[in-house]
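Put chains B, C and D on the given structure of chain A with help from the hints.
Residue numbers (the working numbering), protein chains in the order written: chain A, 5 to 185; chain B, 5 to 185; chain C, 5 to 185; chain D, 5 to 185.
Note that these hints are calculated values from the structure, not bench results. Be aware that one or more of the hints could be misleading.
Pairs involving identical chains hold if they fit within one copy or between any two copies, as the list cannot separate such chains.
[Stated by the list, open to error] Derived lysine to any residue pairs resembling SDA-like cross-links, with alpha carbons at most 20 Å apart:
hint, residue 1, residue 2
1, K88, V46
2, K88, R57
3, K88, N144
For clarity, every value in this text was computed on a predicted model and none was experimentally measured.
Protein chains: 4
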Amino acid sequence: MTDMAELPSEPSSWLSDRELRQVRSEMPILYVNVVPVRTDAVGLVTEVALLLRADEGVMSRALVAGRVMYHETIRDAIVRNLEKDLGLAALARIPLSPTPFAIAEYFPTPDFGTFHDSRQHAVALSYVVAIDGECEPSQNALDIVWISAEEAATDEIAAEMSGGQHVLLRHALAHCGVLSG
Amino acid sequence: MTDMAELPSEPSSWLSDRELRQVRSEMPILYVNVVPVRTDAVGLVTEVALLLRADEGVMSRALVAGRVMYHETIRDAIVRNLEKDLGLAALARIPLSPTPFAIAEYFPTPDFGTFHDSRQHAVALSYVVAIDGECEPSQNALDIVWISAEEAATDEIAAEMSGGQHVLLRHALAHCGVLSG
Amino acid sequence: MTDMAELPSEPSSWLSDRELRQVRSEMPILYVNVVPVRTDAVGLVTEVALLLRADEGVMSRALVAGRVMYHETIRDAIVRNLEKDLGLAALARIPLSPTPFAIAEYFPTPDFGTFHDSRQHAVALSYVVAIDGECEPSQNALDIVWISAEEAATDEIAAEMSGGQHVLLRHALAHCGVLSG
Amino acid sequence: MTDMAELPSEPSSWLSDRELRQVRSEMPILYVNVVPVRTDAVGLVTEVALLLRADEGVMSRALVAGRVMYHETIRDAIVRNLEKDLGLAALARIPLSPTPFAIAEYFPTPDFGTFHDSRQHAVALSYVVAIDGECEPSQNALDIVWISAEEAATDEIAAEMSGGQHVLLRHALAHCGVLSG
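Bound conformation, chain A alone (with noise of 0.2 Å):
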């Protein structure tokens, strides 16, 4: 199982790499988690979009996620990390509340629950966010593709997600009435 990806090229502007790599072995690192959709034209969620990437030759699709900075509210934070992941011209719906719809505990031991990151203990707010427009990836993902809701729940695409991730979009589909599994 791989890491929710998106540190390697994220600016780390608050701490240093050797600080951040010190402070997480040592605190849980806040981030968030969205999961971008479409809607149609009563909210229903038809589309999953999912970050294509390649970890050590490996390729596998993830949700947006991204840290929590210093002095930033969670609702920039989610901005922030959805501009970082889809671009400047998504138009995402920002969630008008901040309770998020789940919590997703990442442990870096194996087998430690149900969301891994060997990097880190990360406690990740989660997030549906309906996007209306246009999705670019960013130098993190290889593409960003969109499935129909009915195939973002099928084993095949869990198989192509790591470290737990597929648990938190099936949670994300149930949390929006779209599984009829």
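Relative to chain A, chains B, C and D alone:
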């Protein structure tokens, strides 16, 4: 205290008025309540819309409210009742999840519970919905008035709402992270 | 697919059977659905209780379900329906908040939506409730069977549930953070 | 305004005090906030416990609060911080779901956002937890005082809380359906 008075003018196409009166004395009636809001670019609630109504000569402010009809999804009921109360140009962003932020239980017995509706036992699934377009009042309301999120939380506004809806309004503001009082 | 079959034996003290049939063809009926669970010392769900029922010769597993009665609070409806299905010694920890983790919309039309109830359009406020005592089946169920949280998420259990309730069960497990699949 | 002052006496086994001060100026720190309550037999909140504290000679009332430690689950952090603030005999019913009812974002900058903590940027996952046993104050608090749900919502109590926690307390009461004001 008065009623969630959408009903005098709502076409009751599934039940005759007499049948509806009968059922209302025997079953809880399923409603949706909606707090219409405007947001800034990052989704923070800045304004709230309240319906201005005159019931038997008394002015009051009310939330969007209406029944869920037979074989209607919650999602469609939200859309229909928003159109009924705010018009067709409101451009509402319907919530991604059908899970409400609160359940408002209206009882016909005065001082039984927080919410009161003299006509019926109504259970309202309650949502906050962002409005991007223009609102125009239906025949149920004299006007639709936008007020700031700060003003919406004041005792003055609470005094102008009926049936306990100011409690639901404040809960909505807290849910959206915009209560500072 | 069959029904949330609590009704054959439920005393329908507010409406005659004939009246209830009539109303069921004209209004959505308000229900509660409950997923009964056992937890470890820190509140982690370890087991789930499912009702074992025989409907027209077909065995199935079901969640606790029942109507909200006229002038009954949601809280009282949860208590009453738990007592109806699990007996008086269940020692349920009733949720602190009336806000459900999910809304399950059951439609009588096959393949319209996730949840199906051939008798009616039912809208179920859905809760997970911890059970500290002993359960005994009412006349509505042959038995109450506790299974592990892991088993509850399997396709085998899903195949034994009807009306789409396995989707709600899995959503409950995800909500409680105990889906690892 | 003062701090969520659990820290002076908390053993900081993962970071030295100097390291913690350093990290606090560079990263948001993950906390849990807990509103401890007593309920009646059907789960309705009847009383709220507040910690009575003296910070630099000023008396204030506070919620249970504390950090999430490295490699600690949210669930374990709730248990540990409840034991820290309420003692070992509190018999807390830990929530079934790790999803908080609210996220409280504390910033060190005065008047930036609803919640304030002069020491740090803290993000607190917030829960309401039922307490069945007896509480005794730790060295962090002078006393633990139970007040009625009605009193908890008053302006008098609000005036005695700091850092904006009265907003979170009222949100908790609204979430539990016990605000009538």
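A quick look at each hint next to the structure:
Taking the shortest alpha-carbon separations for K88 and V46, only the inter-copy value of 15 Å comes in at or below 20 Å, while the best intra-copy value is 28 Å. For a Cα distance limit of 20 Å, the shortest separation of K88 from R57 inside one copy, 14 Å, qualifies, whereas the shortest one across copies, 43 Å, does not. When the C-alpha separation of K88 and N144 is checked against a cutoff of 20 Å, the pair qualifies only within one copy, where the shortest distance is 9 Å, while the shortest distance between copies is 42 Å.
Checked against the numbered hints above, the structure violates none of them.
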